Every structure is written in C-alpha cells, then in structure tokens.
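J.: So the chains spell out like this:
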Amino acid sequence: MARKVLGNDPFGGAPAAPRVAKKSEAPPPAKKSAKAGAKPSVRPPPKPARKSEAPPPAVQPEAAAPLEDSVVVAVTEVLAEAVAPVENAVVTAAAEAVTEAAAETGTRPVVEAPTPSLEDTVAQLDALLDQAGAEAASEPVLSRLAARLRALTLRPSAPPATNLPARTDEPFDAARELLASDFYLRRWGQTAIRDRSEEIDEFGLDPDYARRWQPVWDFLYERWWRVEVEGVENVPATGRVALVANHSGAIPFDGIMLATALRKEHSASRTLRWLAEDFIFHFPFAGAYVNRLGAVRACQENAERLLRRDACVALFPEGVKGIAKPFRERYQLQRFGRGGHIKLAIRTGTPIVPVTVVGAEETHPMLFPSGRIAKLLGVPFVPLTPTFPLFGPLGLAGLPARWKIVFGEPIAMDGYRPEQAEDLVLVNRLNEKLRETIQASLDGLLRARQSVFKG
Amino acid sequence: MTDAKDPEQRAVARIAPPGRVVALTGADGFLGRNLIGLLEDDDRVSRIVALDVERPATAGRKTRFYKVDLTQPRVDARLAEILASEQVETLLHMAFLSSPTHASAWAHELESVGTLHVLNACRERPVRKFVLWSHTMLYGASPRNPNFIPETHPLRAQSASRYLRDKIEAEQVVASFAKASPGTLVTVLRLAPLLGPTVSNYLTRYLGRTLVPTVMGFDPLMQFLHEVDALAAFKMAVMRDMPGVYNIVGDGVLPLSTAIQLAGRMHLPIPHPVFHPIARALWTAQLSEAPPTFVEYLRWICVADGDKVANELQFRPAFTTREAVLDYASAQRMRDARLLRPAHTP
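Sequence lines, in order, name chains G and P.
Quick note: the first sequence, position 335, residue 351 per the working numbering, numbers continuous.
Quick note: the second sequence, position 132, residue 138 per the working numbering, numbers continuous.
Among the hints, a few may not be true.
[To be verified] Just so you have them, the derived chain P footprint on chain G, three or more residues with Cβ under 8 Å: (1) 217–224; (2) 289–298.
[As the list claims (entries may be wrong)] Derived EDC-like pairs: lysine to aspartate or glutamate, alpha-carbon spacing no greater than 20 Å straight-line: (3) LYS73(P) x GLU115(P); (4) LYS185(P) x GLU157(P); (5) LYS420(G) x GLU218(G); (6) LYS68(P) x ASP48(P); (7) LYS68(P) x ASP49(P); (8) LYS314(P) x GLU218(G); (9) LYS314(P) x GLU320(G); (10) LYS314(P) x GLU175(P); (11) LYS314(P) x GLU317(G).
Simulated from the structure, these hints should not be mistaken for laboratory data.
Since this is a predicted model, take the numbers as computed values, not measurements.
The beta carbon of each residue, even a glycine, is placed where N, CA and C say it ideally should be.
Kindly generate the complete structure, drawing on both the sequences and the hints.
T.: Structure (structure tokens):
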C-alpha cells in the first residue's frame, strides 16, 4: 500500500519513474509533484492515481512503483551501512529526513507539507553519497550502491513501452554498414573534395582533363600516325622506371605519344610522366596545358621526386638540341646532356628502358634554321615545318608519317651504389653506352623501314 | 647557452620560473594574437611577453605587454632590457606585414631594420631559441623553379618588390646571426600563403573579389597553408627544438583557376602585356593592394617542398591546400552574405 502511493501520486506524477535512480533525472518528476501537490488538497489522491494506472501504459506504473520503492529502500540501506562508521550528525539527520519523508508519504497524502519533496531527498542523498565517499573513502559502499541501483533499474523496465517491432534499430545498422563501405568515401572524395588527388596530382596532372583530350591523341595515334609499338612488356608493370628516348620532330609529340602507347598497349596501362623542356612552360596556354596532361618541367629535383614515388618517367636527354636540329640531321642523336639522367638512375636505383621513336622526324621536319627569328622572339627555336605556321593549329598534327616505338631491354642500375652517381667517368661511360644502344636501334629501324608514310 | 657553463647563465637558469617564457614581437598580428591565446592555455608556458605597439586582445593572465615600436632608434637596448628582466627563453620574431603596403619606407624600417634591432637585443642578452616567421614566396615565382622547392633553394624573389626584399633581408641577417651565435637555436619557418576562415591578408581579399583577375594562358600550381597549421607550426617551434629552416606548407597543389572556382569566384583572364601595365598603374595610383611584381605569382610556379618538416619532426598539416581554400571559401561566403563580420584587419 505504501509503495503504491509513493510510486504514483505525490512524487512520481504519472509515468515517471523507472529512471528515478539516476540523480540527473530527478527534477522532472519533482516538478510534476509540485503540480500534483495542488490537486490532492481538493480531491482524494488515490483516484487520479488509479486513473493514470488504468490506460494502455499500465505496464509502466506497475513496474515503476516497486522499483521506486526499492530504490529508496536500497539507497537508505546502503547509506545506513555507509554512514554508520562516519558518525556525522548531518548524515544521520538527513537519513532521518529520508525515512521520515518515506513514512509520511507512505501513510497519508501530502496535503500541507510537501517540503521534503523528492528533490530535497535526492539532493540530500547526493550530499550523503559525496560525504560517505569522501570521508570513509569507502569505494565498496559506492560500488555496492551502484550495483544495487543498476540491478534495480535493469530489472523491471526491460520490456519496451510500446509494442514496436524489434526491427527499430535496423535502419541504423544499415546506414552504418553503408557508411563503412568505400563507396561513400569515394563519392565524398569526388563531390565534397576531401581528397585533392581526385582532381589534380602534385605535379599538375589533371586526370579528368587528360581523359577529355584522349580522343584527340587516340586519333593521332591510331589514324594519323598509325603508331606501331614493340617490346612494351619491357616496361615493368610496377615500380619506378626511367624511359630514355630520342627526341625528335620540330614540334615534339613524342612525350604524349609514349604516354598514349603505354596507356593503350601496356598490360598495367601505366601512367607516364614525361619531362618537358623549360621553354614550353614559358609560353602562355602551352605550359599550363601540357602540365595538366602530365608533362613536368625537366629538372633534377622533379625527376628525382617522381622516381622516388615509383613513377614511370620518360626522359629526353637530348633536350632542345634534339628537336631543333635541321631535317638533314634527322635521327642523329645529339649529345645526351651531361649525364644527369644516369646520375639520377644510379642515385635512385631506377632501371632504364631505352626507347626508340621513328617517324616523328618526318612528321614535323624542320625546314629552315630559325636562329634570327627565334632570337627576336626570345625562344630557343621556332618550328618552321611544312604544315605548322602555315595551317595554323591544324598544322600541329603535321604530316602523316608512320611512327614506330620500340621499348628496349631494361638496363638495371641497382648494381651501383648511390655514391657512384658522383663518379663522372662512370656516368659518362654509361651515358655513351646508352646513347650508342639507342642510336643502333634507330639505325636498325631505319634500315628496316620501307616507306616513310606506309611503314 | 644550451650548456650553461657561464656562471651568470647558470644563475639565470636557477631563477627562471618553471615552464617557458616566450616573447613575441608583432604580438598583435594575426599569428601573434592567436599564438598568445594558445600559449595562455598551455601549462608548459609560464609567461608570455607580448611586444607590439598595441596590446593584443587575447592577452590574458600570463601575458605581460610591453609597448615596443621596432621602427624607433635605440629600441634594441629596450628590448634587451625586457628580455633580461623577463628571463625570456624563446623569442618569436613575427613583426612583419602580412600584406604589402604603400608605406614602403616605414615597412623597411619595421621589417629589415627592425629585425636587426631584435637580433642586436638577442646578442646583448642571448635567448635560448629564436624563431623567425618567413614565407615560401621569397623563393620567387619562376618558370625555372622545380615543382617543389627545397629549403636549400636560394631566395630569388623579385628584388623590385620592397615587400619581399625586406623579408629576404630579414632572413639574411637572421642566417648570419645563426652562424655567429651557436648558443641560440634559430628556427626559420617559411610559411606558404595563409588562407583560412579568420585570417585576413591580400590573398584572402584577392580571392574574395567578385571577379578575380588572372593572367591569360597561365594557370600556375598554387599552394596554401591553413591558418591553424601555421599556428601549429609555431607552437611546435616553441615546444620542440628544431634549429634550421623549414617550409611549412599544406599538402597538395591546386591550379590557380581551380582555387578561384573553389572559392566560388569567376576569374577574369587578362593578357599579360596588358595586365602588367595596369597592375603597375594601379599600384602607383595606390588603388591596388599588391605591387606589380606579384603578377609573377599568377604566372609562374612557387611551390615549396614540405618533406623536411614531415620527415624530421613528423609534422603533418591538418588541412590540405584544397581544404584550406574550402575552409576559407565557406567563411568568405558567410561574409559575402553579411552573416559574418569581416576578418580582423590589423
């Protein structure tokens, strides 16, 4: 009987209580008790209590009543145990107040004195707990209390308030699963742009932009120059590799054609980064354009950084001398720089694949030496070819000579120690050997070639 | 001073309070203000000595403010006095302008000569650590730059720009100071151009324009640093010993056009033969904020290599270049709609 009144009317209000044990949740029921406190003065209390007990949520008050009751009992019990050694007057007084309140509310409805409301008692209990905890340093007491309370709260309120199916938490799990998959991360990478590599890599290659231009290169590759590729399997599928090629044609397309060849013919469809001469980066439009396609300014730092990131890098050691030479010197390899590419390969342990490109010289034959005009324009040379300045941008495609690209046997460079990159004699010897290899390959291909345009 | 053999220095070490004493010149600049706020919350720092002409608003319980004007003669003696009386252990020299100014003579006095004064004070009363705020812009924009400029690269910024020349001079005198006084750990932090929601400089105002002028046919790769990472770098320099020069840059690069698009702006390509004279005329008429030499940074690459600080100190910026732009853009959009106050301008 005492528990019913205690559970329902003056303290609990209606559906309060299974969580009363938590002190943070104390205020709401207390507020309600204040509201309810006015009513019982007029009406006898049990009635509204029973009314609230009647409808569907009947489960709750039923479960709540014994719980609240037992909470108070448990708390007082444990506190009494805890308090005993402390012998604090305040403590005992408070405990008395608690029992008093319980007794009072238990026997008759609170009409004129709602002073020791649940709020106060809870506050007192809190204070008691703190004191007991602090003074007796009685961890066992607290843990026992906690255990008791946990047992109390867990026991009765287990059945859910409504009869919603147990599927309620499934959408959560599904969403979590969905988020755990890579799909959304990738989507976000593309749209919310967390991952910049979706857009541009650190050397300026924009994969989307390059893809948009691919049809142009495919046309030139397949239809216009009908490129024939040999030995593409000599390019390893993974890891760093340096392709060293002859540079030719007054307007150099050999970089982009090598990239196209690797993309189309190579089993791993490797992305090629080729090193382009400085001067193209001086030009408006051209510099930014080739940079987005994958060209990188030729310098030691860039090449080394690319190779250390295990890229596939094409190098043209002849540089400008290769493309500015007159037509009568076609396929005559110029000086191979100062062996920078060899030093680089030794330092980074990169295998070198010698590459021979035939056909580009006839695509863009250099008609006249352009010294004076070039000096006037402040560029190393001006490509004066049969098609270029004459036919405007279309002339860039040049003549439809047939190309052949041959990838030679890779030359391993990891047999050398990195310090040997400073051994200039060794570097020079390796450089000359590489140059001779490519020149021999060129000569062989030219001998085998029947026609410039039919191949 | 690291090995306190000198009895006077040992005495100083004994009296020094527990925790570090950090002094900042240019304490009321963007970096200074925020660093003071951060250091106020850090228990490892016992006292902050703020040196500037204005008291920073973030100065709190631990901060002592001294009104110091680096353009005044004999300021070095006063600085040395402050360093001695406060037993300063670490000096952050950040009294630099974050945007070009037309008052170039005053800027020269403040940056180039002011650094000399600060270093003279440090010679008179050595500090254990000296940290300089510098810029990756000082490498200069050039088509001959490697894509990622290492710290060893010479500072080749256009000498025609007083703004950059003063900063290069400051770096040079600090470098010679570092060579001459091995007792002081000298750290130089070269920061990439700062972007972020609260920072305000010529760059945020450039990207905040409705039409952003660019040079037609040029789209250099840009690199930015988020303001939070800049502060993190300075805090790291206070907390850890890292003598030397470090590039502090955000990961990744963006073409200028992409950065402008991410900021939600339109770019207005202008041919260079027209752009440069216009820029010069506007600068001469004091109508533009950036000197004409800054046009070079819209044409050529100037991107620094942040690998050194990543490898040696495991410092990874929290924001990539792209994220810095996006973070700036989100705040800028709110400012455009007048939902946010304009960023603090010093």
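J.: Would you check the hint for LYS314(P) and GLU218(G), treating anything up to 20 Å between C-alpha atoms as holding?
T.: 17 Å, holds
J.: Taken at face value, is the distance from the CA of ASP49(P) to the CA of LYS68(P) at most 20 Å?
T.: 10 Å, holds
J.: Quick one, are LYS314(P) and GLU317(G) close enough, alpha carbons at most 20 Å?
T.: 14 Å, holds
J.: For a C-alpha distance cap of 20 Å, please report whether LYS68(P) and ASP48(P) respect it.
T.: Within the cut-off at roughly 10 Å; holds.
J.: If you draw a straight line from the CA of LYS185(P) to the CA of GLU157(P), is it 20 Å or shorter?
T.: Distance of about 17 Å is within 20 Å: holds.
J.: Count the residues of the region 289–298 of chain G whose Cβ falls closer than 8 Å to any Cβ of chain P, and tell me whether that reaches three.
T.: holds (count 3)
J.: Given the hint that LYS314(P) pairs with GLU175(P), test it: the Cα-Cα distance must not exceed 20 Å.
T.: 23 Å, violated
J.: For the region 217–224 of chain G, count the residues whose Cβ lies under 8 Å from any Cβ of chain P; is that count three or more?
T.: holds (count 4)
J.: Does LYS73(P) pair with GLU115(P) here, judged by a C-alpha cut-off of 20 Å?
T.: Holds, because 17 Å separates the two Cα atoms, which is no more than 20 Å.
J.: Taken at face value, is the distance from the CA of GLU218(G) to the CA of LYS420(G) at most 20 Å?
T.: Not OK: LYS420(G) and GLU218(G) at ~32 Å, beyond 20 Å, violated.
J.: Between LYS314(P) and GLU320(G), does the CA-CA distance stay at or below 20 Å?
T.: 15 Å, holds
In the structure shown, a violation is registered for the earlier hints numbered 5 and 10, in ascending order.
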